[in-house]
Amino acid sequence: MKIQSLVLASAAALAFSAPSFAADWFVGGGVGAQQNDYSHKPTDGGKFSDDDRNAVYMLRGGAFLTPNQRLYATYSYNSDDFAKQQMGLVSYDYLIGLDQANKLNWFVGASAGINHTAPDSSALESDNNFVWGGQTGLVYKLSDNLNTEIGYRYLKQDYDNKIDSGKYALDNTQQLYLSVDYRF
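Convert by adding 7 to the 1-based position in the sequence shown; the result is the number in the numbering used here.
Keep in mind that the hints were calculated from the coordinates and are not lab data. Treat the hints with care, as some may be off.
Said to hold, decoys possible - Ranges between beta-carbon positions, derived for each pair:
no.: 1; residue 1: Val187; residue 2: Asp106; range: 14 to 22 Å
no.: 2; residue 1: Ser129; residue 2: Tyr82; range: 20 to 28 Å
no.: 3; residue 1: Tyr189; residue 2: Asp51; range: 16 to 24 Å
no.: 4; residue 1: Gly104; residue 2: Asp51; range: 19 to 27 Å
no.: 5; residue 1: Glu132; residue 2: Asp51; range: 20 to 28 Å
no.: 6; residue 1: Ser150; residue 2: Trp113; range: 28 to 36 Å
no.: 7; residue 1: Lys48; residue 2: Gly141; range: 22 to 30 Å
No residue lacks a Cβ here, since even glycine has one placed at the ideal position from N, Cα and C.
Construct all of the structure, not just a fragment, from the sequences and the given hints.
Structure, rendered in structure tokens:
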């Protein structure tokens, strides 16, 4: 847990200090599909897995540190048959221009943050847990102030909850999303 706290503190320090040098700030929002992979290990043995797919909604803001680097924070909300999730992430992406004008860029990056999981069952407890992973996708510059993006994000989850009947876990989350950002 100390390592996770250190990683989050470092990411937060970077998020608050690095954008002061940024040329372009942005804010935006997105919508997409989220798949949560759950597992259950009963006390009498065996293992069961289930995945739930539902909508994800996100708000984000950050800065382009250079034309090829961006740093941003994202808040997302998802509700499925098992739980409601609220996630706060800090992400860094490296962008690679795919055309001469750099209107179309491929990005690859990493994310880390906190996820609040609130199970729908009263037998299971809500918890805040560390999440981390990576993302990739395409960004298209519609104008000097408007970008659109399609992306895929994979996040490893640390949610575990033990009750008398066994152990429940949220193992990972995958998101496919479309977003629009305003640059100023």
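Hints versus structure:
At about 20 Å, the CB distance of Val187 to Asp106 agrees with the hint of 14 to 22 Å. A hinted range of 20 to 28 Å for the beta carbons of Ser129 and Tyr82 is consistent with their spacing of about 26 Å. Taking the beta carbon of each, Tyr189 and Asp51 are about 54 Å apart, not inside 16 to 24 Å as hinted. For the pair Gly104 and Asp51, the beta carbons lie near 56 Å from each other, so the given range of 19 to 27 Å is not met.
For Glu132 and Asp51, the Cβ-Cβ distance of about 22 Å falls inside the hinted range of 20 to 28 Å, so the restraint holds. For Ser150 and Trp113, the hinted distance range of 28 to 36 Å is not satisfied, since their beta carbons lie about 20 Å from each other. One distance hint, 22 to 30 Å for the beta-carbon pair Lys48 and Gly141, holds here, with the actual separation near 27 Å.
Violated hints, in rising order: 3, 4, 6; the structure is consistent with all others.
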